[in-house]
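With chain A fixed as given, assemble chain B onto it according to the hints.
Going line by line, the protein sequences match chains A and B.
Sequential numbering of the first sequence, starting at 1, is according to the working numbering.
Sequential numbering of the second sequence, starting at 1, is according to the working numbering.
The hints are all genuine.
Cβ pair distances, simulated, as ranges: (1) B:A81 - A:Q17: 44 to 50 angstroms; (2) A:N59 - B:S53: 22 to 28 angstroms; (3) B:R63 - A:T102: 23 to 29 angstroms.
Rather than coming from a laboratory, the hints here were simulated on the basis of the structure.
All figures in this text were calculated on a predicted structure; none of them were measured in a lab.
No residue lacks a Cβ here, since even glycine has one placed at the ideal position from N, Cα and C.
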Amino acid sequence: KAGVTQTPRYLIKTRGQQVTLSCSPISGHRSVSWYQQTPGQGLQFLFEYFSETQRNKGNFPGRFSGRQFSNSRSEMNVSTLELGDSALYLCASSTSPQGSGTDTQYFGPGTRLTVL
Amino acid sequence: AQKVTQAQTEISVVEKEDVTLDCVYETRDTTYYLFWYKQPPSGELVFLIRRNSFDEQNEISGRYSWNFQKSTSSFNFTITASQVVDSAVYFCAPLSGGGADGLTFGKGTHLIIQP
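Next up, chain A with everything else stripped away, as it sits in the complex (with noise of 0.2 angstroms):
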């Protein structure tokens, strides 16, 4: 079964940009969940959908926001890109939602986004 997959893989943008990244979970997977990994605050996490639903979100401005489609791949955008915002972007796939009791999360190669 495929893992994971990211893409794409590696960004470079500039201050004020917008940029979407896309992750397509393991194959009947309808968990999705993001996090971020900078080396200051280490792996944060950002939101989870469930069936097309935000189910949680972390301490994270209104500029990063997400979908989930009905096949389950996510996506996640951060508008007015600030320096901060540079760090890996890991997507992690669930059969279940996160706190369900079976729930272990599968994580994608990550996205790692370099904000200039």
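Coordinates of chain B only, in the frame set by chain A:
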């Protein structure tokens, strides 16, 4: 919300030695889940083990074993007969509160296995 502390920033051992990574977590929930992930230089987080708070026994899976002590809120992870390929950053991550805050990751322990 949950918290996690990985006090060991970096550990360096010689190949074939056993190594234990420490993890202390905090949660107010009675039902929670604990995970260990590994992040090699490529960046992808690789799932290693999972423990539910209501599980009775510690387990061994190949060269991996873990020691869950609810009384001290610790979830330590041991690699037996370490190999160079085990070199990576290891993260402990609790999940509680119905998943509202997602996985909470510690700062990670950088494990270096020297040949």
